[in-house]
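*Asks:* Throw the hints in and build the complete structure from the sequences for me.
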Amino acid sequence: MKNNPQLNRNGELQHLLTIEGLPAATLRHILDTASSFLNVAEREVKKVPLLQGKAIFNLFFEPSTRTRTTFEIAAKKLSADVINLNVGASSTSKGETLLDTVDNLAAMQADMFIVRHSQSGAPHLIARHVAPHIHVVNAGDGRHAHPTQGLLDMFTIRHYKQDLTSLRVAIVGDMLHSRVARSQIHALTTLGVPEVRVIAPKTLIPACAERMGVQIYHDMAKGLKDVDVIIMLRLQNERMRGALLPSAQEYFKYYGLTTEKLALARPDAIVMHPGPMNRGVEIESSVADGVQSVILSQVTFGIAVRMAVMSILMGSGAGSKQ
Amino acid sequence: MKIHIKNGRLIDPNNNIDAQQDVFIAAGKIVAVGAMPERFNANRTIDAAGLVVCPGLVDLSARLREPGLEYKATLESEMLAAVAGGVTSLVCPPDTDPPLDEPGLVEMLKHRAKSLNQARVYPLGALTQKLGGERLTEMAELHDAGCIAFSHADVPLADTNVLLHAMQYAATFGFTVWLRPQDAFLARDGVAHDGEVATRLGLASIPSCAETIALASILTLARETGARIHICRLSSREGVALIRAAKAEGLPVTCDVAIHHAHLSEMDIGFFDANCHLIPPLRSQRDRDALREALADGTVDALCSDHAPVDDDAKLLPFAEAEPGATGLELLLPLTLKWANEMGISLSAAIAKISAEPSRILALNNGHLGAGQSADVCIFDPEKYWQVEPRSLKSQGRNTPFLGMELQGKVRYTLVEGHVVYEASA
Chain A
0 MKNNPQLNRN GELQHLLTIE GLPAATLRHI LDTASSFLNV AEREVKKVPL
50 LQGKAIFNLF FEPSTRTRTT FEIAAKKLSA DVINLNVGAS STSKGETLLD
100 TVDNLAAMQA DMFIVRHSQS GAPHLIARHV APHIHVVNAG DGRHAHPTQG
150 LLDMFTIRHY KQDLTSLRVA IVGDMLHSRV ARSQIHALTT LGVPEVRVIA
200 PKTLIPACAE RMGVQIYHDM AKGLKDVDVI IMLRLQNERM RGALLPSAQE
250 YFKYYGLTTE KLALARPDAI VMHPGPMNRG VEIESSVADG VQSVILSQVT
300 FGIAVRMAVM SILMGSGAGS KQ
Chain B
0 MKIHIKNGRL IDPNNNIDAQ QDVFIAAGKI VAVGAMPERF NANRTIDAAG
50 LVVCPGLVDL SARLREPGLE YKATLESEML AAVAGGVTSL VCPPDTDPPL
100 DEPGLVEMLK HRAKSLNQAR VYPLGALTQK LGGERLTEMA ELHDAGCIAF
150 SHADVPLADT NVLLHAMQYA ATFGFTVWLR PQDAFLARDG VAHDGEVATR
200 LGLASIPSCA ETIALASILT LARETGARIH ICRLSSREGV ALIRAAKAEG
250 LPVTCDVAIH HAHLSEMDIG FFDANCHLIP PLRSQRDRDA LREALADGTV
300 DALCSDHAPV DDDAKLLPFA EAEPGATGLE LLLPLTLKWA NEMGISLSAA
350 IAKISAEPSR ILALNNGHLG AGQSADVCIF DPEKYWQVEP RSLKSQGRNT
400 PFLGMELQGK VRYTLVEGHV VYEASA
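Chains as they are written, first to last, in numbering that gives the first Met the number 0: chain A, 0 to 321; chain B, 0 to 425.
Warning: the hint list may mix true and false statements.
Claimed, not checked - To give a feel for the contact side, a few chain A residues facing chain B, derived at Cβ under 7 Å:
{"id": "1", "residue": "P4"}
{"id": "2", "residue": "Q118"}
{"id": "3", "residue": "S119"}
{"id": "4", "residue": "R178"}
Calculated from the structure, these hints are not laboratory results. Glycine included, C-beta positions come from ideal geometry on N, C-alpha and C.
*Replies:* As structure tokens, then:
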């Protein structure tokens, strides 16, 4: 395995491109820093001056509302200047290459790029290309990774369950196309969760998935038995090609989370979903809005986690070391 | 021009020679090996002390990018890369722009290549017009124009009925059909092997069965039609097993492996190294080990460079969008030596994989140094270490997964038809 490109020579986080290969201490440091940012929203002035004068470019080559907005809010709470660019509709459509676009923005004194791209590995390419003082955060690339989502999910689980080292976690749905699932799995296994299950039909599970440290189930009844955390995944209809599923109805019947299926899990199990949800396809409304659902907390925690990531990368967090 | 190559370690696998012997060349041919012929007055003497003298290398797959793709490479640049790598004969697939599907294009390519007086170029003709997979080309005409065999390059030929007819037609004239086995549907959109790395990196994948299903179809059609088949760039362990069984059965089939597949696996992709975006994809370590063994035991007949010069811009893209391919002509020899060294295989057997064996597949008579042969010779320093860097390569394509690696074995002289076409300092 080649060196992890997101760590500098001292093992400090230079970019956040994927959870893969990050030490558990680095992940815990991000989560702890996020905890310290949680109360910023409750202050009269909902800002801290940590990144004052820094320019953060939201570089979105693929449409997004939720993720882009939370990154923007997080950056503004840190007092950074935020520039939002919907690049898919501008430069690249005129034939400019990805790296040309990046070069131009870097020349505008960017300090950080938050990158979303439809191709796996695009943030890695950018990170290899930019000057050392510029940091890159992957905000979702192809099917590869969505590390801040993975971290905010860990934050949520830790918030509700405290000790991760005694949990059973089930991830349900389209792992094949899911960057979120990959980041969650790396984060869960790195943080010592002893049992991570993936539940889906064979068409939605990639080859060698078990090498990522998960157990594969095709039956919800068996897979959900006694789990502490259920993470539902969105069906990535826009990425699906070919005959992967016969119908949304059949999918919901066998893999949708209903009250009855939820009862198979531990009584205090929490239900998560990275959103946006397809109600009646992945999850029943009564479950999505039910007492065990922590879906809206995930969104709130997402801002604190992104603040933590940005401040740590810029060396302004509660200590940038691991 | 008379040339005397003296003091070298002559390795000629075809003639079972591995000894210090001199070679004498006159009028473009080998006139003697060993003792100097009477009245031989050399115009030039090459002192090959400490060097290996072997047949010029024969590469079964090198794209020259002409016609039509000169922004990636030109005949001039790639022919220079060939001779710098000791390659004196090369086969170019028909995936040019336009594809090699008309006799005029083939004649022009042959003429251009010949006028450069460097390596010999043997084009493969397209099996179907414009590589469209529908209408057969004028194979007999293309053969007369200089095509040595017929292929569909890397373009999927999904219609097995067309493939059946292409094989039948080729068999009519005794032409060999060269195919890279890959099921078009199973490989659709894929950019990496369907394994651990593609799963981890979220890359669209190509399963090994994309190769074996296509290979099983090709072998079945070969049985049906009696066509001679050459399988290009085998990549999987299961594919090796199918070839082994086909050969045991007596089917007229040969096959090659790309030099990078003998050394690399999906793990080398690391974190999206676009230089490892190759066709077929780098597969698992078990596949790689099976290919290395199959080369050693003769199931796989030859190694090729699979040279595909790609311009830098085409690699500076996210992995899936980056153009597949790597430069290879200048790495064929050192990487073959590396494989042999790691497998404990003799230098002679290694050199056979890139000279005598490919020459046999092509039914040419230029992979050895017997008296009367055309003097195509490679003289290399087997001890010389060199680092693969963009500036150390003659090819216009500077992208290879081996960049930065130190390799052993460097070509010092290359002779084609008795002319020194490449000469490097010690």
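*Asks:* Now, for every hint given, state plainly whether the structure supports it.
*Replies:* Comparing the hints with the structure gives:
1. Look at P4/A: its Cβ gets to within about 5 Å of chain B, closer than 7 Å, so that hint holds up.
2. A distance limit of 7 Å between C-beta atoms decides the matter here; for Q118/A the minimum to chain B is near 4 Å, and the interface restraint holds.
3. Evaluation of the S119/A hint against chain B yields a held restraint, the C-beta minimum of about 4 Å falling below 7 Å.
4. Proximity of R178/A to chain B holds as hinted, the smallest CB-CB distance being about 6 Å (cut-off 7 Å).
The structure agrees with every numbered hint stated previously.
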